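On the provided structure of chain A, position chain B as indicated by the hints.
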Amino acid sequence: MKTIFDCKLLIVDDEPELRRMVQEILGQEGFTKILSASSCREARRLLDSAKPEGVILDVSLPDGDGFSLLREFRLTSPVPVLFLSARDEDENRLLGLGLGADDYITKPFLPRELTLRLKAVLNRAYFPVVLQQQAKPVFRLGETEIDLNSGTVRSQRDCFTLTAKEYALLTKLYENQDRIVTGDSLCHAAWGDNLYGYENTLMVHIRRLRAKIEPEPSAPRHLLTVRGLGYKLVGAESL
Amino acid sequence: MKSIGKILSRYVLSAAGVALILLLLNFAALVVWTIQSGKTAQKDFSVSQLAAGLTEKDGGYTLSEEARTTIARQFQWAMLLDENGRVVWSENLPADVPREFTVSDVAGFSRWYLQDYPVRVWRHPGGLFVLGSPKGSMWKHAMEIPQKVMDNTLVWAPALLLLNGGAAVLLALLFALRFFRSLQPLAQGIEDMAENKAVRLSSRGLLSDLAEGINRTSARLMAQETALSRRDTARTTWIAGVSHDIRTPLSLVMGYASRLEEDPLLPPAAREQAEIIRRQSQRIKTLVSDLNLASKLTYNMQPIRQECIALAALLRESAADFLNSGLAEAYTLDVMIADNARNASIRGDEELLRRAVANLIANSLGHNPRGCTIQVRLEQAGANCFLTVCDDGAGFTPEQLANLSHSPDSAELPNHGLGLTIVRQIVKAHAGTIEFRNLPAGGCAVVIGLKAGPIEQRSLRPLRNSDL
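Chains A and B are the protein sequences, given in the same order. Take the first sequence: its letters are residues 0 to 238, numbered as in numbering that gives the first Met the number 0. Take the second sequence: its letters are residues 0 to 467, numbered as in numbering that gives the first Met the number 0.
For reference, chain A alone in the conformation it holds in the complex (with noise of 0.2 Å):
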């Protein structure tokens, strides 16, 4: 397998009409190869000839749940499971009970989620940290080029390394880029903790910052402050 797009995928849903969509979607994604089941039964069948890589399940199906259904796929094979549930409170039953799901998506659900939670879980299970340090994404800021795999800033005048806490708070901004991150987040990202009592620390890590990657540190052009909320990270375009 080189790429999670080769990954043989198991959809298993009672409704063949958001099977097909799902289908659909992974399709328009990259994912070729798609089974899929309509019940407990054709399920098992499937994952033991035809052996898939990753499996959409949903919790509801016609002739049993699909918890019990993941415990005994968990029996036999470590396959990567993403549930499709219909109701809240499942939350609490999947995360943290022990039941080896990889992750869950509600009902209704954005096909955008959809695929961004698969392809992350397929990651995690195939192409786990060896791969992962070559994914550090290089970006570019105007003019600066930052590389998160060395953790280097070059501007046209300079070239800077990224202390521990600015890289962890540049990674932060850049994995939300345009997007508002609260100081607690980034605080998390730095050291673990909430906002409380790491005001001025944040403050002066950005201040930093900013001096690094911003053309005009005291009039930033990318790395914003939002009051009140935090900060974002806006221009940024891959390389």
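Be a bit skeptical, because a hint or two may be false.
[As the list claims (entries may be wrong)] From the derived model, a few chain A residues whose C-beta atoms are all more than 10 Å from chain B:
1) M20
2) I33
3) E41
4) R70
5) R73
6) K118
7) T151
8) S154
9) G182
10) E198
11) E213
[Claimed, not checked] Covered stretches of chain B (in silico footprint by chain A; criterion: 3 or more residues with CB under 8 Å from a CB of chain A, positions within the stretch not fixed):
12) 27–34
13) 335–342
Derived by calculation from the structure, the hints in this document are not laboratory data. From a predicted model like this one, the values you see are computed outputs, not experimental measurements. Glycine included, each C-beta is placed from N, C-alpha and C at the ideal position.
Here is chain B on its own, set in the frame of chain A:
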């Protein structure tokens, strides 16, 4: 149980009181009667006067007219005995009375009866005057009391009274205790019923009817309770089931609408329409989820987690979420955390509180389609944290304010305004307060008050090398 004690002490005291009063009444009656009869005795002729009415004349005896009428009226006969015991004069003497008496005869009848006639005797110059009353008209009893006893009347009379009173109290207490013992299970049963516990009293003894009545009432209450909770569960389950069933069709609507929205081959107008479909289906998702949550909160079937929540962080994240999902230009969303509330925390369910804040912000957005400024504030005053969401838009209508001030206890889901209902339910589940107000300058404010939880003691830290 207190009331039983009161009832019984009153019972005992009244029993003692009754006994004493009776005793006193009887005593008083006795006294009165004695005085009365003494008085009437005075009014009527005494034996001595009658004896005086018998005078010697011409070798015989004559009775005065007064004496004769008195004898006839109040007594029956009279006679005079000489010193030998022979009858020398008589008036109406019945045939069965002897005409001669010995000394012992005289001793006998002067104390008791003569041939069953109650008699009275008096000294007379001619001998012994004997006055007889009709048979069966008087009952005699000789009373002899040692003089010492009579002298000590003042001691033993009150003592007797007290003793009687004490005995009455004791006996009353004894009976009261028996009564108390049979009342106690009943009282306990009533208390248990009030606390929704099942009651089964033994229906024996004095109060068996009452016990039966209580048993039946308790059974009825328990049955009602079961029926109600079963109905509540059924209702919640039904709503959960319906909301579950809605989701799959909604997934199809949202999924395809989203794909159409992002299809580059479609003309912009069509893509816009697809966007609307997608957005509205997201709204339906929220409504369905809200309905489910509201029904669970109403019937207390929603588990409430107890976590330590940092409120400032929660508010910032909620605001960021709204802004990140795209807020129209016309809206401004600000978060202001008071200095003393930067570290405020409470115990509660983080997910539910997030929901509450989100619903309040969404409410302001929804009611002001042309835009407004929304402010989210956090303040701490003493042991309470105050969370305010306010806007400068349209404000609440009077009916909305009236609706919102109704108690959220009523298990009725309102026809609309589900979002705010959920907020009220969540606040109630956290034992907090919520206030809905219109601001004088326009717009409305919703203030949630929650009890502050444990505070992590940390002050602003100075920069350290490890931070770099």
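Q: Provide an ascending list of the numbers of those earlier hints which the structure does not satisfy.
A: 1, 9, 10, 12
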